[in-house]
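> Protein chains in written order, with the working numbering: chain A, 1 to 424; chain B, 425 to 848; chain C, 849 to 1272; chain D, 1273 to 1696.
Hints in this document: simulated from the structure, not taken from any laboratory.
Here the structure is a predicted model, which is why all the values come from computation and not from measurement.
Every residue gets a Cβ at the ideal spot worked out from N, C-alpha and C, and that includes glycine.
Warning: the hint list may mix true and false statements.
Stated by the list, open to error - In silico BS3-like cross-links for lysine-lysine, where the CA-CA straight-line distance does not exceed 27 Å:
1) A/Lys314 <-> D/Lys1563
2) C/Lys948 <-> C/Lys888
3) D/Lys1372 <-> D/Lys1312
4) B/Lys738 <-> B/Lys715
5) C/Lys1162 <-> D/Lys1586
6) C/Lys1162 <-> D/Lys1563
7) A/Lys314 <-> B/Lys738
8) A/Lys40 <-> A/Lys100
9) A/Lys314 <-> B/Lys715
10) D/Lys1563 <-> D/Lys1586
11) C/Lys1162 <-> B/Lys715
12) B/Lys464 <-> B/Lys524
Claimed, not checked - If you want the ones that stay clear, here's a sample from chain D, every Cβ over 12 Å from chain A, calculated:
13) His1306
14) Ser1322
15) Leu1337
16) Arg1404
There are 4 protein chains.
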Amino acid sequence: MTTELNYFDFMQSQRRALHQNPEIGWTEFQTTAHIIEFLKENNFRVLTGSQAINPEFVRGRDAALAEQAMTRAAAAGVAADTLAQMEGLTGCIGVFDTHKPGPVIALRFDIDCVNVAETQSQSHLPNQAGFRSHNPGLMHACGHDGHTAVGLALAHWINHHHDQLSGVIKLCFQPAEEGVRGAKPMAESGQLNDVDYFLGMHLSFIANSGEIVVDPTHFLCTQKIDIRYQGRSAHAGAQPHLGRNALAAASNAAVQLLGISRHGDGMSRINIGELHAGEGRNVIPAHAELKLEVRGENSAINQYMVDQVMAIAKGCAISFDVQYETEVMGEAVDLNNSPELVALLADVAAHTPGVTHVVDQRIFGGSEDATLLAQKVIEEGGKALFFIVGADRTAGHHQTDFDFDEQQLQTAFDLFSQMILRLQ
Amino acid sequence: MTTELNYFDFMQSQRRALHQNPEIGWTEFQTTAHIIEFLKENNFRVLTGSQAINPEFVRGRDAALAEQAMTRAAAAGVAADTLAQMEGLTGCIGVFDTHKPGPVIALRFDIDCVNVAETQSQSHLPNQAGFRSHNPGLMHACGHDGHTAVGLALAHWINHHHDQLSGVIKLCFQPAEEGVRGAKPMAESGQLNDVDYFLGMHLSFIANSGEIVVDPTHFLCTQKIDIRYQGRSAHAGAQPHLGRNALAAASNAAVQLLGISRHGDGMSRINIGELHAGEGRNVIPAHAELKLEVRGENSAINQYMVDQVMAIAKGCAISFDVQYETEVMGEAVDLNNSPELVALLADVAAHTPGVTHVVDQRIFGGSEDATLLAQKVIEEGGKALFFIVGADRTAGHHQTDFDFDEQQLQTAFDLFSQMILRLQ
Amino acid sequence: MTTELNYFDFMQSQRRALHQNPEIGWTEFQTTAHIIEFLKENNFRVLTGSQAINPEFVRGRDAALAEQAMTRAAAAGVAADTLAQMEGLTGCIGVFDTHKPGPVIALRFDIDCVNVAETQSQSHLPNQAGFRSHNPGLMHACGHDGHTAVGLALAHWINHHHDQLSGVIKLCFQPAEEGVRGAKPMAESGQLNDVDYFLGMHLSFIANSGEIVVDPTHFLCTQKIDIRYQGRSAHAGAQPHLGRNALAAASNAAVQLLGISRHGDGMSRINIGELHAGEGRNVIPAHAELKLEVRGENSAINQYMVDQVMAIAKGCAISFDVQYETEVMGEAVDLNNSPELVALLADVAAHTPGVTHVVDQRIFGGSEDATLLAQKVIEEGGKALFFIVGADRTAGHHQTDFDFDEQQLQTAFDLFSQMILRLQ
Amino acid sequence: MTTELNYFDFMQSQRRALHQNPEIGWTEFQTTAHIIEFLKENNFRVLTGSQAINPEFVRGRDAALAEQAMTRAAAAGVAADTLAQMEGLTGCIGVFDTHKPGPVIALRFDIDCVNVAETQSQSHLPNQAGFRSHNPGLMHACGHDGHTAVGLALAHWINHHHDQLSGVIKLCFQPAEEGVRGAKPMAESGQLNDVDYFLGMHLSFIANSGEIVVDPTHFLCTQKIDIRYQGRSAHAGAQPHLGRNALAAASNAAVQLLGISRHGDGMSRINIGELHAGEGRNVIPAHAELKLEVRGENSAINQYMVDQVMAIAKGCAISFDVQYETEVMGEAVDLNNSPELVALLADVAAHTPGVTHVVDQRIFGGSEDATLLAQKVIEEGGKALFFIVGADRTAGHHQTDFDFDEQQLQTAFDLFSQMILRLQ
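With the rest of the complex left out, here is chain A (with noise of 0.2 Å):
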């Protein structure tokens, strides 16, 4: 590989291996070592495990899953010390010091797939040019695979470009999005800490090719909790009041969470997509568990929702004599671009070829939680700004025939590569 790259049949040929073995969040441990390898040979210092997962804040993490994907990943040749080095954890941060005084840079790339079965369909582009998933009921169908080449890409253009850098670059291969489970333990992991600008993308979503999102709005706070009761078992017709009933606890939790009140300021709600109880029919259940979210329209008012669910976790614990524990599986919060990079980015997008329409504000409406780690830089003094790189798409985000135009990747790495330059 040498300077003399071309980035487009790289992302291209990136993306498409990437697609072939999508791995849902936590499990990236094939990508992750692949991302791990290219970083090193671009003369990045690579932190993973815990240097860049905080295991402390890790969200909705399935440790049997992992397991699995840490032996399939050995048996595919991932080598032993790159494995040991994850610790478990999947993602890395690649930090590029070029050793001239300049400003940290951080780029945010996502990297799972989410679980969905690619469809057979011929008319589908990975089917037609051979780079379907092989692996079933799992699919890059969120552009991850998409924003993971341009993260590497990115890499090599880093290290080819270093005489034109000053400061630090750091490009961080966040893990488990979906589910909005990754970025919390990476903002924690205290690499954010002194960054001065934070850059995240998401390609098309809310804009077709040619179009630049600057200052997507509306980023909706959520958390994903999960509720669970242990009780005791008793013989529901010989000894019912010896049981603690976990049921009993969960559906009354269940009735007072949909109860939570409506909040003045704003939009709120709360979902419990899932509840499971019980052990038999003639058996006072001994154990329940709800699957839920809540939302808000600000922070102060997700905060609210969060509080609420909390207290009647507690409450009707207390009410059935059972124990419990509350589990957070995933958030993501609001976010407020930063002007002056807003602005930057319009006046860099307006000079990108390719881009037709340099769209100003759009409603996003949906939850992403790179506004963690873009709030993290915020509170430490940096500025942040996540942005939309339009592409057209043969269907929804998400959905078993989703693709992508693959010539954004282009814009992607233009926008990316043009703003690090005006950064320094």
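Fit chains B, C and D to the supplied structure of chain A, relying on the hints for placement.
For chains B, C and D alone, coordinates are given in the frame of chain A:
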């Protein structure tokens, strides 16, 4: 009044006078003043106020009602110092010390009326004979006027037969039996602790004239509890999230309380008799109150129910972030009569004029708080008996046209006085 | 009274007289009688009783309160035939027919007071000037005394300027605006169906003296609903299974109502302001009542909330095998003012003495049942406007020390009379 | 096989063969085929499929499991026409007609196993003697292998003693006793309607080797019910109001079900053993299922519980505007054994070798669906008895290391055969 007293005439006239001035639980100031005076005339030392009623354990006393009743009593001529000695608490214990070694015997008589308006029917004896209730909405419709009259006659008899007696005799005139409220604080007064033999009695109820039930069974354990929630008001349209919804807490508590698991070892009950919450249609409710009762076939089951109630009361307060308090408004326990006393009464009854059937066991099936006094005596090593003196009645207890066969006052008197003699 | 009437003096004196005799919704018999008399003196045909108020749609009327008020009105000298014409229903519509071709214009004035005890403070003008409320616990604390005074002045003005007028003018004196109860039955009287232009107004509220808000927005849709459950009593200890527990139905309904899902399209609200259930601690409760309100950012959302309430009311009746009924106790809708009228008022206001700011749009943010009258007119092809005449106030509406700047009665009179002239 | 058959050896070998191939309720195709063949060899007319099992009343049959079991049976050599005659329904009734006038006697044997994995312990007889279950997760851990072996031995005995017999004898091999599922459809087959004497038996359970309980009491009435709600999915963030929340319906149903009032006339129970709802965290749940059971001390109380369940199932469907269905998954009733049969068995038992104690009454305390067959016989004018043949056991019923004293197969055989002779 002399030793030549015709006890039946005395009891009839006392009973009728009491019937004219019925006083509801914790307001029996005039009734108590009359008893105090009569006990003193008969050389009893009289314990009043906190000497007879432990204020810490007072159940279900309405302070405003008591205040009004004291004003009424003063207006009716009750001496100021008598009222002062009562300390706002009705009922009293008369202690007759023979100054000879011997057992401590306690007899219990309940003195309160019920919230029933007496019938206007001319076939009703109190109307015919001119001794109907003077107090609108109040009536001695449970026979406590008769019980009190028997107690007064026994006071006279004890004083005039002191040469045949030894030890100490305590006549316990208990307030507020209705709602099972008055026994607990009398049991906790300390005056029952040294009692060797405790005797209590109810007229009629489960037996007709001529029958004596010497060992009634199945006294139901019960606890009457109020739960109160205090939250915070807020405008329901503009700022619902600032409210702390006491109505929500109370409604959820009601729902959970009804769902307390049945007990495998026997009968249990729960009823939320009343729920009142809220201040206005467009205000988040800040106050709520539940009035409930639990019952159990035995003390363990009753206590199980109470424990669940307390857990739920607390759990719902936590769920909705409101303050709460619980108050025991009444209670009664079960009772196993002491076999020696049962046997003794059976023998006494068999030799008492007018007794045609000595019934061994019959189900009582209700709650009676004399059981708490009996329990205290038994716990401290004494023996206890609660029995039924059959009496024909014109209608069920607590009915507007209830009346009982006054001749059985004599039977009750005979049984008590003979028991006292036999227990020397 | 002559055409030389000083309208400000007249309105001030009328307002103060009305302030002294505040009458709560559906009891405004004396107020209505006064209006009827004045309208007749000024050559209006007066529609009363079921002519003005469709009995089928009466909301939240307390029959006992109305009965007492009629007795009071008779005692205060209201003629028997006037009372008879009212048919127990307050409010009236005065119809002035110019007998010349022209538009039908309707003006609306609300006449009821609120349940607030007037302050004793000497700084309060009604106390200083000797016109405080004679009726304990009742007060014109929302300015309807002023609204009514303006309506009466306009009646005089119309009569004395009939030569400048054409068509028909209807002055709608609406009862029971508080609780949004009185507009619906007036809207359903048929008297609004032929109206070309409808004008309504509120003093103060969201604007100070000198300001006229010509196009207030965000009138909240709301419905006030009572749900009543009737079950069957039973002894809670002996035969609980024979009861039909109305308290259980109501508590579960409360819990479910609080859990009605938020609406994705905008603001919704639910509040159960009161819940009362049960007759006694040891009786399975046979009666229960919930007093609630829903709100919605628009009619569709409000109706969504109403639909959910109705489903839950029924569902809980079925679950607990109890009878139920629901009653709409009040309602209001949203309003989009007709642009022509907004523009016309803006022009009129700009030329009215004392108006310093013509405010285009400002959020109203509350509920006002004039919207139902406006809605009826618009549905039938007419145009409608509800505007705000700013007025400084001494305290918030419905506060014990509320008072408003009386000078603005003149501004309101001027705006209405000029609008009438301009709409010819 | 000859009349010289050693019945103990035969039953032991049959029981052990059956033990090796346990089949769960409604999948007993191989077991049934074996029984059919043996009955036919012994001159029984065999009723299968819908002749023995009324399809309308089949409870808790998993069609997929049955399908797999039929495939397995075919592979194991069960003849195609035998399978065809079963019509997918297991169990059969063998009818032996002596062609002599006499009573109709029915004996009942249950044939299914339980979902228990057999212990690996070497002290466990099936392991020592090499007849452990071949079917993972399935085990005859309730003694039905023994019951079936006794039934087969009796078939042989009847055939070879037909000269001593008159009337008709029906051997009912009932499927799916576990979960009390199989008796109802057999009771509704019509085959029990002409029965004069019905006999059923359980080995062990509440009696040890040597004991015969001739009149077990307190068979609990029970009904096993599934409730399923189907709502409509919607995005929980964007359009929650478009969802129809099945989880909300199910949770509220659970809460209400737990709150079904106790019955004043005796023991009642309710348990929701399992609740499963929802498809994903951010989707309004469209599906929910509750698996519950009720019990009652008698049929009336049990039916009261069922009625409440059905009302609540419907009420919650209405409250949340979701579809619902309920399915009876199993049922059993109580039983008062016919005194003549009790007396006869007591006499027979007293003369049976190996019987050391003839126990009159002992509490059964569980549910057994033979009661439904007995009930049918009694309703149609016959007499019925269900008795216990004591047998020492190595562990409780349904335990992984359960085994029973095989010698008692002989006792059971002796009792049944003697009863048949005595009932001629």
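> Each hint should be assessed against the structure and marked as holding or not.
Structure-based check of all given hints:
1. Between A/Lys314 and D/Lys1563, the direct Cα distance comes to roughly 26 Å. Compliance with the 27 Å bound is thereby established for this hinted pair.
2. About 20 Å separates the Cα atoms of C/Lys948 and C/Lys888, which keeps this hinted pair within 27 Å; it holds.
3. Of the supplied pair hints, the one linking D/Lys1372 and D/Lys1312 holds, its CA atoms being roughly 20 Å apart against a limit of 27 Å.
4. Simply put, B/Lys738 and B/Lys715 have alpha-carbon atoms about 15 Å apart, close enough for the 27 Å limit, and the pair holds.
5. Our distance criterion of 27 Å between C-alpha atoms is met by C/Lys1162 and D/Lys1586, whose separation comes to about 11 Å.
6. This hinted pair checks out: C/Lys1162 and D/Lys1563 have alpha carbons roughly 25 Å apart, not beyond 27 Å.
7. With a CA separation close to 11 Å, the supplied pair A/Lys314 and B/Lys738 stays within the 27 Å bound.
8. A distance of roughly 20 Å separates the Cα atoms of A/Lys40 and A/Lys100; the hinted pair therefore holds under the 27 Å criterion.
9. Note on A/Lys314 and B/Lys715: the hinted pairing holds, with a Cα-Cα distance of about 25 Å set against a maximum of 27 Å.
10. Straight-line distance between C-alpha atoms of D/Lys1563 and D/Lys1586 comes to about 15 Å, which keeps the hinted pair within the 27 Å bound.
11. Straight-line distance between C-alpha atoms of C/Lys1162 and B/Lys715 comes to about 26 Å, which keeps the hinted pair within the 27 Å bound.
12. Between the alpha carbons of B/Lys464 and B/Lys524 the distance comes to roughly 20 Å, so the proposed pair stays at or under 27 Å and holds.
13. Once the 12 Å rule is applied to beta carbons, D/His1306 is consistent with being away from chain A; the minimum gap is 30 Å.
14. Under the 12 Å C-beta cut-off, the non-interface status given to D/Ser1322 relative to chain A holds; the minimum distance is some 27 Å.
15. Look at D/Leu1337: its CB is around 17 Å from the nearest CB on chain A, clear of 12 Å, so calling it non-interface holds up.
16. With a closest Cβ-Cβ approach of about 24 Å to chain A, D/Arg1404 is found to remain outside the 12 Å limit, as its non-interface label requires.
Against the hints set out earlier in the document, no violation occurs for any number.
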